[in-house]
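**Q** The sequence shown runs 77 to 317 under our numbering.
FYI, nobody ran anything at the bench for these hints, they're computed from the structure. Computed from a predicted model, the values in this text were never measured in an experiment. Yeah, the Cβ is synthetic: ideal placement off N, Cα and C, and Gly gets one too. Treat the hints with caution; some may be incorrect.
[Unchecked claim] Straight line, CA to CA, 30 Å or less: simulated DSSO-like cross-link-like pairs of lysine-lysine: (1) Lys-155 to Lys-109; (2) Lys-95 to Lys-155; (3) Lys-191 to Lys-109; (4) Lys-290 to Lys-267; (5) Lys-232 to Lys-109; (6) Lys-239 to Lys-256.
[Unchecked claim] Between beta-carbon pairs, the in silico distance windows are: (7) Lys-232 to Tyr-168: 36 to 44 Å; (8) Lys-235 to Asn-197: 54 to 62 Å; (9) Lys-232 to Ala-253: 30 to 38 Å; (10) Asp-231 to Ala-253: 26 to 34 Å; (11) Arg-78 to Gln-184: 50 to 58 Å.
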Amino acid sequence: MREGHEYQTQVSLQNEAGKRYQPDVIVHLPQEKQVVIDSKMVLVAYERYFNAETDAERDCALSDHLLALRNHIRGLSQKDYHQLKGIRSLDYVLMFIPVEPAFQVAIQADPNLVKEAMESNIILVSPTTLLVALRTIDNLWRNDRQNQNAQVIADKASKLYDKLRLFVDDMEGLGGALDKANQSYQGAMNKLATGRGNAIRQAESFKQLGVEVKRSISPSLTEIAQNDALVERQPDMDKVN
Numbered sequence: 077m078r079e080g081h082e083y084q085t086q087v088s089l090q091n092e093a094g095k096r097y098q099p100d101v102i103v104h105l106p107q108e109k110q111v112v113i114d115s116k117m118v119l120v121a122y123e124r125y126f127n128a129e130t131d132a133e134r135d136c137a138l139s140d141h142l143l144a145l146r147n148h149i150r151g152l153s154q155k156d157y158h159q160l161k162g163i164r165s166l167d168y169v170l171m172f173i174p175v176e177p178a179f180q181v182a183i184q185a186d187p188n189l190v191k192e193a194m195e196s197n198i199i200l201v202s203p204t205t206l207l208v209a210l211r212t213i214d215n216l217w218r219n220d221r222q223n224q225n226a227q228v229i230a231d232k233a234s235k236l237y238d239k240l241r242l243f244v245d246d247m248e249g250l251g252g253a254l255d256k257a258n259q260s261y262q263g264a265m266n267k268l269a270t271g272r273g274n275a276i277r278q279a280e281s282f283k284q285l286g287v288e289v290k291r292s293i294s295p296s297l298t299e300i301a302q303n304d305a306l307v308e309r310q311p312d313m314d315k316v317n
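Turn these sequences into a full structure, and let the hints guide you.
**A** In structure tokens, the structure reads:
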């Protein structure tokens, strides 16, 4: 994930009363939603637990460590990050415990801690579980991008189909126009040279009557036109015109 795109750090926000908050990390989710990650957990009691030399010191430090976690959970639940202006945060906040053993020892000592946190809309995460959560979020982003790409492809395919449909309509119209043009051409040629009593044959008859012309009509058309005389002498064979 890219900072400034899929997540942001140290963003300053305020609630409806004007009080300012600065979440450590805001991870952006699909559909314009966000999840807040808090990493302000202080592990002083755990350090005492880790460095304890006696069981009594260790037990006392562990109790303080659990108390510190509960106090931090209570403080986070009161911030209501999901009501801050400028974000559409999920109801749940990820409470990051940066030291994996500090997370593990607390869960082992008091398994109900996770349940209590979730009842306050807090999810406890360690470096290991945060990575899983971030990968899940990254998969959500990837799926969202794929869905967006699929939508873009669908839109482009729809536009291409419409263009193809219009092209087919134009080609059909052009074909009809060409057919009409061909019919008009054939009708004109029928009157000019191929039909019974066509204009060229009648014009050529003027030459036989002694009319002088500067240049004769195309011999090929004249021959076609003169053939009409054979058709007139054999009317039973003319079934077309």
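**Q** Now look at each hint and say whether the structure bears it out.
**A** Now the hints, each set against the structure:
| no. | hint | in the structure |
| --- | --- | --- |
| 1 | Lys-155 to Lys-109 | holds, 18 Å |
| 2 | Lys-95 to Lys-155 | holds, 10 Å |
| 3 | Lys-191 to Lys-109 | holds, 24 Å |
| 4 | Lys-290 to Lys-267 | holds, 23 Å |
| 5 | Lys-232 to Lys-109 | holds, 28 Å |
| 6 | Lys-239 to Lys-256 | holds, 25 Å |
| 7 | Lys-232 to Tyr-168: 36 to 44 Å | holds, 38 Å |
| 8 | Lys-235 to Asn-197: 54 to 62 Å | violated, 45 Å |
| 9 | Lys-232 to Ala-253: 30 to 38 Å | holds, 31 Å |
| 10 | Asp-231 to Ala-253: 26 to 34 Å | holds, 33 Å |
| 11 | Arg-78 to Gln-184: 50 to 58 Å | violated, 36 Å |
In this structure, the earlier hints numbered 8 and 11 are contradicted, and the remaining ones agree with it.
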